[in-house]
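Let's have the full structure, built from the sequences with the hints guiding it.
Going down the list, the sequences are from chains R and S. Going by my numbering, the letters in the first sequence line up with residues 46 to 226, in that order. Going by my numbering, the letters in the second sequence line up with residues 11 to 209, in that order.
Source of the hints: derived by calculation from the structure; they are not laboratory data. These numbers were taken from a predicted model, which means no experiment stands behind them. Each hint can be trusted.
Under the rule of at most 16 Å between Cα atoms (straight-line distance), these lysine to aspartate or glutamate pairs were calculated in the EDC-like manner:
1) R/Lys-50 to R/Glu-62
2) S/Lys-64 to R/Asp-73
3) R/Lys-50 to R/Asp-60
4) R/Lys-50 to R/Asp-108
5) R/Lys-106 to R/Asp-60
6) R/Lys-159 to R/Asp-222
7) R/Lys-50 to R/Glu-69
8) S/Lys-64 to R/Glu-163
9) R/Lys-159 to S/Glu-65
10) S/Lys-51 to R/Asp-222
11) R/Lys-131 to R/Asp-88
12) R/Lys-99 to S/Asp-86
13) S/Lys-51 to R/Asp-221
14) R/Lys-58 to R/Asp-108
15) R/Lys-174 to R/Asp-127
16) S/Lys-64 to R/Asp-189
17) R/Lys-175 to R/Asp-127
If you want a taste of the chain S side facing chain R, the calculated C-beta under 8 Å gives, among others:
18) Thr-52
19) Phe-55
20) Val-59
21) Arg-60
22) Ser-62
23) Lys-64
24) Ile-67
25) Met-71
26) Pro-75
27) Thr-76
28) Leu-79
29) Trp-80
30) Ser-82
31) Ile-83
32) Asp-86
Built from N, CA and C at the ideal position, the CB exists for glycine as well.
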Amino acid sequence: MFNDKELLLRASKGDREAFRMIVEAHKDRVYRALFGVLRSREDALDISQDIFLKLYQRLPKMDTGIHLASWLYRVAVNAGIDQYRKRRREKKVSLDESLPLASKVDPKSQIENKELVERFYQALSQIGKKHSRILVLREIQGLDYDSIAKVLNCSMGTVMSRLYYARRKVVNVLGDDFYEI
Amino acid sequence: MKFRRKQWDRRELERYLEDTMPPIEGSLGEKELEENPLRYKTARFFQSVRLSIKESIDREMAERPTQYLWESIRADLGQKESLVSLVRKKVLSWRAGLVMCVLCLMVVGTYNFFEHKASVNVANECYVEYLENRTNHVMIFKGTDDGLTYIWLQENPDPVMNKNLEDDKNLKPIHSFGFHSRDIAVVKPLRDVDFSGRV
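Okay, structure coming up:
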């Protein structure tokens with residue numbers, strides 16, 4: 046079994062099979078990151094493909110010592126946030142598009158959760174990219190602090206601090222609604 | 011749209027914090043819960059969001075949406091590579107053509123250079139001066155081979171006159187200067203010719 050470094054090295058020399066193995070190993074992670082933000086299969090698949098094509102184009106110049114999973118995660122989250130904001134600006138996302146959630150609970154709670162999540166996503170598009178990115182990693186992707194620090198290439202203290210301010214911003218954006226929850 | 015207040019099991023939340031967060035975050039979360047009810051609410055909100063989103067993503071992933079991602083990437087790469095190879099072929103043929111053009115230019119240029127160089131050499135070895143006043147145009151040519159100085163004299167350089175002169179078969183053309191000379195004389199060396207007065 047090859048590790049990412051070996052695969053990157055081989056792929057950068059033009060080994061198509063090595064690149065296929067990279068895609069197969071990371072496609073679910075990238076898709077998951079994108080779908081979590083975009084909530085659209087079509088968009089998530091399109092951007093996943095773009096990200097891997099971007100990786101392929103960068104292979105000859107790429108530092109094979111990078112942590113590939115973190116790089117892909119970071120690129121995916123950034124691309125997802127950019128696309129989500131773009132869609133928000135174009136007002137393509139509405140409450141109706143939000144996903145059905147929490148199937149294990151009763152329908153009433155499902156609706157509540159759906160609204161809750163939609164509020165969260167709305168707030169996400171209204172705070173800065175730095176904070177929305179860390180909230181995506183923590184609240185949508187469910188990464189722990191250590192993984193977030195690796196993805197963002199910062200210390201755990203920075204992650205904690207940023208998360209604190211990001212959450213506070215969301216609460217501020219939600220305003221009175223937050224206290225009604 | 012307002013959300014209805016919902017009762018949460020605090021022990022459940024604490025267990026969640028302990029289970030899913032690194033110790034430092036868990037302890038921070040617990041500390042915040044003890045000290046600040048608002049933080050408790052915030053944590054509760056985000057916990058709910060996180061669980062709801064996680065469930066939806068897990069459900070999506072269960073359908074294996076990325077099953078054919080590699081195939082579409084490969085197809086895209088194939089298209090791009092065929093395009094790149096086409097461009098490369100074109101570039102290569104352009105390059106070959108360009109090299110041929112450069113070679114041709116070099117050959118022609120070299121030939122022309124030596125040809126031109128020959129004439130330049132001749133010109134450099136001569137001294138040519140053109141003088142004019144109201145009534146006469148004079149061209150002085152100092153040859154190197156015979157060491158003599160030739161003077162072409164053209165009187166009445168009026169265009170109408172010149173036209174008439176062109177009809178004169180006795181005139182000898184000086185093609186490089188575009189006018190005709192009536193008299194060609196071999197005179198003394200140039201240094202001895204006095205141009206201050208009449209020619």
